[in-house]
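> Next come the chains, spelled out residue by residue.
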Amino acid sequence: MRPRRVLAEIAPPLVGVLVVIAVWSIASSLTSTGAIPSPGAVWAAFVDGMRDGSIPQAAVRTLVRLAFSFIVAVVLGVALGLGLALNEFARRSIRPLVVALQITPFVAWVPLAVIWFGVTERAVVFVAIVGSFPAMTLATLQAIRQVPPLYERAGRTLGAQGWSLYRAVIFPASLPGIMAGLQQAWGFAWKALMAGELIVATAGAAGLGHLLDTRGSDVAALLATLGVIVVLGVAADYLLFGQLDRRIRGRRGLLPDS
Amino acid sequence: MANAETSLLRERWDAGVPKLSVRDLTVTRRQASGDTVTAAAHVTFDVALGEFVCLLGPSGCGKTSILNVLAGLDAPATGQALVDGQPIDGPGPDRAVLFQDPALFPWLSVRANVELALRLVGTAAEERGSRATSWLEQVGLADAADAQPHELSAGMRQRAALARALAADPQVLLGDEPFGALDAQARELLQNEVQRAWVEARGRKTFLFVTHNVREAALLADRVLVMSAAPGHLLEEFRIHTPRPRDLDDVLVTRVVSEIHGVLMDEVGRGDADAPA
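Each protein sequence line maps, in turn, to chains A and B. All residue numbers for the first sequence refer to the working numbering, where the first residue is 33 and numbers rise by one. All residue numbers for the second sequence refer to the working numbering, where the first residue is 5 and numbers rise by one.
If we strip away everything but chain A, and leave its shape as in the complex, we get (with noise of 0.2 Å):
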C-alpha cells in the first residue's frame, strides 16, 4: 500500500483513539479518588503486567481457549445452518430454539456450565460455544436462504443438482453472508470467553478474563487488562476477518470503490 493510502486507512480510527484518551485525561483529572487512573498509569500497569509475564501468559491461555472455541462453534453453527436451510420442518421446529438460545445472555450459562462441569477448562469453553455457535446458525441459514434464486435456477439449468448445486452454486453465493457471521460469532465468542474466565477462575489456568478478576482492586491494572483485551480483539477482527470480508466482497464488485 501506498503511504498516503495508509495514512487514509489509519486516521479515521487514530482519530476515534485520541478523542477517547482526551476525554478520558480530562475526566482522570476531574477526579481525584483514583477511580478512574489516568491514561499514563494504565499505560504503566500494562508495562507491568508485560514485564512480569502475567499478561502474555493470560492472552496465550486465552487465545488457545478462543480459538478451539471458536472453531467449533463455526463448524456446529455452519452445519445446524445447512441443515436448517435444507429442511423446512427442521427449520421451523429448532430455529426458534436457536433463537432462543442466541438471545440468551451468555452470562446466565456461566453457573450452569460450573454446576455440569465444574471449576475447569471445559466449563469456560462451553460458555464460549454456546454464547457463540447461535450467531453462526442464524447467519449461516439467513445467508443460504439470501441467495438470490436467479443463480440457484442458473445453475439448475446447467445441470448441478442436489449437492452439486449447492457445492457449485449455494455455498459460494452465501459466502458473504457466512462471512459476516463469522465476524458476529468471534465477537460473540470473544465476549462470553471473557465472562466464562472472569467467574470461573480455573486453578492455574488464568485467561485474560480472570486478570480482570484478580487485579479488582488495582484500578490501573484493570484497565490495562481490558486494554489488551479490546486491542486483540479489535486485531482480530480487522485483520482476519476484515480483510478476508474485503476480499470476498472486492472480487464480487460488491465494495463502493470498485
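No lab work stands behind these hints: they were computed from the structure. Heads up, some of the hints might be wrong.
Said to hold, decoys possible - Restraint-style ranges between C-beta atoms, simulated for each label pair:
(1) B:Asn196 - A:Pro128: 53 to 63 Å
(2) A:Glu120 - B:Asp98: 28 to 38 Å
(3) A:Tyr270 - B:Asn196: 45 to 55 Å
(4) B:Gly144 - A:Phe100: 27 to 37 Å
(5) A:Trp195 - B:Gly144: 30 to 40 Å
Backbone N, C-alpha and C define an ideal beta-carbon position, used for all residues, glycine too.
Fit chain B to the given chain A structure using the hints.
For chain B alone, kept in the frame of chain A given last:
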C-alpha cells in the same frame, strides 16, 4: 414449407417427433399479493429439430412462463410440455437458458463461469480450459476471460452468458428476452452472435427465444409465434424464409416486421382496452 434451404429440417420434422412440444399448456403466475393469475392459456405448438422459433407478445402474455416450463424450472398448471416426445421433468444441461439477466456467478471469473458449465456436464478437467477459451474467443471475449463479471459491460456479460450456455453443447437453447436490457449496439452484436451460433450448428440445435421486439424476432427466427395479451394464447404464425445471415436492413425482414407489427399493435390496443382500471 416449400423453402429448399430448410427442406431437410422439414423432412425430419415430418418423419419424427418435434424437438419441443407444448400441448394445451396453461401456466399460472403467483403475484406478490398471493393471487394466482393465468399467464397463458391452452397454448399448443411444436418446435422442430434445428428450428429457430421466436415467441413474440406483449408483456405479461405468459411467454416467459411458457419458456420456464420448457426449461423445466416451473411446472405447468395444466397441459404438457415435451422434449423429444417425453414429458419434461426438471431442468437439464440439454436445454441451456439465456436469462434476461446474464446470471453469471459473480464469485467466478468469466473463464471459470464457462468452465463450471463444462464441469457440471462431466467434461474432463484437462479439456475444460481449452474449450472454455475457444468458446470465449468465439464470442469475442478472449481478452476478458480472466476478468470478473462485474468488470464487464452489460453486453459483454451477456456474451459471456452465451458462451457459458453453449459450452456444454446443449441440444436446445432457450432465450428469455436475453437482449432486452442492452443498448442498441450491444443488442445487434449479440443478435449476430446468436444467429451465427444457430447457423454453425447446421440443424443440430433448436433455438426458442422469447421477445417483445418484433424486429429481433423477424431477424432471428424461421417462425414467429405471435401471442395475445394476457391470458396469452397463440394469435398468428409467421414464417420467414429470408436466407441467412440476415441483416436488419433486409427488405423481406422489414416487410414481415410491418405485418407482425400490425397484428401486435391491434392486440396491445385491445389488451389495454380490456385491462381493468
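> All hints, please: hold or fail.
Hint by hint, here is what the structure shows:
1. The beta-carbon spacing between B:Asn196 and A:Pro128, approximately 56 Å, falls within the hinted interval of 53 to 63 Å.
2. Look at A:Glu120 against B:Asp98: about 30 Å separates their beta carbons, and that is inside 28 to 38 Å.
3. Remark: the range hint 45 to 55 Å for A:Tyr270 to B:Asn196 is upheld by a beta-carbon distance near 50 Å.
4. About 53 Å separates the C-beta atoms of B:Gly144 and A:Phe100, a value inconsistent with the hinted range of 27 to 37 Å.
5. Between A:Trp195 and B:Gly144 the beta carbon distance is about 35 Å. The supplied range of 30 to 40 Å therefore holds.
In terms of the numbered hints stated before, the structure departs from hint 4 and from no other.
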